[in-house]
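A.B. asks: Residue numbers (numbering that gives the first Met the number 0), protein chains in the order written: chain W, 0 to 199; chain U, 0 to 199; chain A, 0 to 199; chain H, 0 to 199; chain F, 0 to 199; chain P, 0 to 199.
Hint data in this document are derived by calculation from the structure and do not stem from the laboratory. Among the hints, a few may not be true.
Put simply, identical chains are the same to the list, so a pair is met inside one copy or across any two.
[What the hints assert, rightly or not] Pairs of lysine to aspartate or glutamate residues, derived as EDC-like cross-links and limited to a Cα-Cα distance of at most 16 Å, are as follows: (1) 187 - 84; (2) 50 - 176; (3) 194 - 84; (4) 50 - 62; (5) 190 - 84; (6) 61 - 87; (7) 183 - 87.
As a plain string of letters, each chain reads:
There are 6 protein chains.
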Amino acid sequence: MKKIDFDTISAVILEEFKTYTGKEIEPLWAFNTFDVQKDSIVGFIGPMNVKIENMKDLKDVKEEKDVEIPIQSSEAINFIVEHFDNPDLKMTYLRQRILVSTAKEVIENHVNLKLKKSGDDLYFNDKKLSVCIACRGISSGKIHLGINIKSDGVPAYVSAVGLNDMGIENTFEIMEEIASIYAKEMSKIEKDIRKTLPLF
Amino acid sequence: MKKIDFDTISAVILEEFKTYTGKEIEPLWAFNTFDVQKDSIVGFIGPMNVKIENMKDLKDVKEEKDVEIPIQSSEAINFIVEHFDNPDLKMTYLRQRILVSTAKEVIENHVNLKLKKSGDDLYFNDKKLSVCIACRGISSGKIHLGINIKSDGVPAYVSAVGLNDMGIENTFEIMEEIASIYAKEMSKIEKDIRKTLPLF
Amino acid sequence: MKKIDFDTISAVILEEFKTYTGKEIEPLWAFNTFDVQKDSIVGFIGPMNVKIENMKDLKDVKEEKDVEIPIQSSEAINFIVEHFDNPDLKMTYLRQRILVSTAKEVIENHVNLKLKKSGDDLYFNDKKLSVCIACRGISSGKIHLGINIKSDGVPAYVSAVGLNDMGIENTFEIMEEIASIYAKEMSKIEKDIRKTLPLF
Amino acid sequence: MKKIDFDTISAVILEEFKTYTGKEIEPLWAFNTFDVQKDSIVGFIGPMNVKIENMKDLKDVKEEKDVEIPIQSSEAINFIVEHFDNPDLKMTYLRQRILVSTAKEVIENHVNLKLKKSGDDLYFNDKKLSVCIACRGISSGKIHLGINIKSDGVPAYVSAVGLNDMGIENTFEIMEEIASIYAKEMSKIEKDIRKTLPLF
Amino acid sequence: MKKIDFDTISAVILEEFKTYTGKEIEPLWAFNTFDVQKDSIVGFIGPMNVKIENMKDLKDVKEEKDVEIPIQSSEAINFIVEHFDNPDLKMTYLRQRILVSTAKEVIENHVNLKLKKSGDDLYFNDKKLSVCIACRGISSGKIHLGINIKSDGVPAYVSAVGLNDMGIENTFEIMEEIASIYAKEMSKIEKDIRKTLPLF
Amino acid sequence: MKKIDFDTISAVILEEFKTYTGKEIEPLWAFNTFDVQKDSIVGFIGPMNVKIENMKDLKDVKEEKDVEIPIQSSEAINFIVEHFDNPDLKMTYLRQRILVSTAKEVIENHVNLKLKKSGDDLYFNDKKLSVCIACRGISSGKIHLGINIKSDGVPAYVSAVGLNDMGIENTFEIMEEIASIYAKEMSKIEKDIRKTLPLF
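Looking at chain W on its own, in the form it has when it is part of the complex:
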């Protein structure tokens, strides 16, 4: 485990493989698992394997009712973000968009290819590269972003793509870069709000 500490947020990078099961989206998971007592972004590589009862996006739930495990990938970069400063769901969705844009930019900078971002989804050649959800608990806002590394484990009816399909192999490095740029951005915003004159 590698930890980069900013003033108000920690970026934690797991070196070992870990499956995303949907349990990691629960409040205080980073505190429980890694003793982090700041806001946090945790990155790890491993399969995604979410049972329908752990899904938070009701739209997906409704569309996938007849499927056993709809969020599934044999290997993915996963990020779990938790913010306690303001658990408001809209604020969490704004942060989610920033995380997805950050991922897009970092990936594009590693290959000479362009991704498409639509809402909170990333596409390459009209194929789905990622899944993402933002949600809130009573005292914190949470985000999961999963970026496929391989595309073979994804449900058949989804036209998916993985980073490997795009020729990207240094996924660990990309994961680290996304986590650290996101944490730095959040940290910078804390500074920005402390230098700005109000309007009258």
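Given chain W, put chains U, A, H, F and P in place with the hints provided.
C.D. replies: Chains U, A, H, F and P alone, transformed into the frame defined by chain W:
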């Protein structure tokens, strides 16, 4: 004037030239000028010409104390954003980052060049392409983003670049696209928060 | 199903009979059932049949401990309101009062009779015409208002009255009118906050 | 001066005549003038005489630009409400609607006539009976409601009506009743939020 | 039961013995048990006997995993505080610190001894005198403070001290004083926010 | 100037004398003067000399109307606190109480004397030792606490006392200790909210 209405936000595009003077950052400017009674993003092309007493970024003010008009450009795409749903300054800064990322992506999609985003600034070849501020009034959050079209009016000590220097001429189209993607994103987030299960 | 869309809220009117069981007060019910991704008011006619474990008003719960199904009516107009803009409970109670006042006014305009409003209850000739509760989930505020059409199903110890007892038969029309006036009022307030100067 | 104290709000009734000049809408006016250290509703009878620079409704300001004193009445019941619990503008507008509905109901109960409420305005026979504004300062939300007693001082281009025109003479009593019902309602809501189970 | 009513908060003092089991921290406990419909501080004397599944401080949970009942004392002064005005967790923790400081001061004033406060813990001669937790539900913030009267029931590995060990016997009086000073302080703050000019 | 950095707050200690004029309470003063881009507590020693137009406590203003400079002391320890995380006035007043309690405790620990705290005031032998105000700007909450070192400059009608009168000479050390304990407490609370299970 062209207006694209989303449920909760209007994108307004001015066809005539207009100077950004810093007064446009004041609360209710879009309502006063265009009768918009939604959240809004207004785009217009024209010089930036902000007197130091209209500047909101105290860091800039401190650094530019001896300069008469530090935010200056002979021609720029300008965006004025106003949100009334939650005037919180942090939320406004999160939206600002989304606006800047949107601008970056739209510009990159129009030429085969890569920009660099650092905080709320855009750079091309280490030259500054944009200025940006987020601030809050009592009941609304506001953002100004100015993207240089020409680089000649910028203060001499700033190493600046304009869209024209990058070979981009269809600035009106780019402005329209940025405004409409930003408005669509904000509108989509309103939908997203209405389909998400809370965490327990 | 009939749907009237305002900018930020949808009014949904069910044409078929539906029982109010207390489950409808749960977050995201309107999204789950009708795919509404705005704030919403849903109106339907049918019995009220709420088990004590689904009751949210602890005062009622305490008073009715020995009763099996305390909120009960053989036929009622039911409204389910959900707002995601601010889940704060006080805000939800303020909206609840506005909904009850709207109902009172619409009903009075259809017959030449005066109702009495006390808190969130409506009375006719000192007999109880309605039940109402406001509550909050993690991300949304919810309201249920039930207006008796018939008075025969109401628990015996409550002195109840129904719209039919008052000579009102066009209950569907009244339901539609209440839902649409409430939605319009909420929509108008969104406009109002975008035309008001702050105080200094 | 008469003061009725509820737990969280005081209703203050002035016995002497007092002009509404627009200054009374400023934060802390009730504390400054009457030493009230709760939320408050202050009622007084007197002319309304608001200069355009004291107007907070920009829509009115825009429409009345060429008029000297657009909010004007030779005699009116005036209410000034201030809440410090949550200065949010939307919350203040919700309360404003409740105040206007309360006024409507009290007036209707005193004569056998029906008023019409549209947004925050009251009408009798399509003539304007009242003016109303909600606004927020940094730490409090404020409301002014003015109900014409006489209709002769109102600007000529407004088709106005006063309580006297409707045959209502006991204006002091009506004022007292509105203030006290409003205060009681706000006080009741505080109790209601302390008896309601949250949703899961 | 003794009840002292302030405008916005009630102090409730139980005269009979009562065990603290961890259930008392649940939202609306004071309403359910004592019909209090204000914010509240309830004080009672009795053992503390909290099962691990009722513990809210995850740090304690992690450290005490192998222990059956880690929060335990044969006799303690217990306070249960609930605030509905703003359920925000940080606000609840700020209030918790005020409660602990109040306890410290009242105890010190009754004997000629000095306590040490570290975070939310009180120590006498480096021995732990108290346990404390702040937490939030959906609509309210809650605090439990337990001050040991006897030290014999405390888990062996904790070096504990009780008020009796310090020569303090009038524990009922101390409990009453702490509850009433806390309630008065919260009530005074409500007044203070209604006399303060905002900053421009 | 000495600066102690915690994660979310900086404690700044001025070594040189500085007068408190009331201007220091303005938003962003610490950023403007010391380039602090965190929440902050700044401590300095010097006279207090506040003109009535710079006073924020309207109660004091009303009582001192006929006095030229009512907040006055020839030498005092001054603290200026600013928090941007939540500018809410009630939250700022809660923090103010914590600051005053901290000051009380540190002073008592340096001499064998007991102070009395009443609201936000400290007394020794019924003589006033301190003045304090909490207030909010648009985006931040601010606190000033002034603790008399000498009592001779205080207005004649106030029965005042200074730390020197109590035999305390190491005022610089006391100032430093108060600032650092306050900052540590705020920093600890940030950690505490990130280890606490929510209530259901």
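A.B. asks: Hints broken by the structure, by number, lowest first?
C.D. replies: 2, 6, 7
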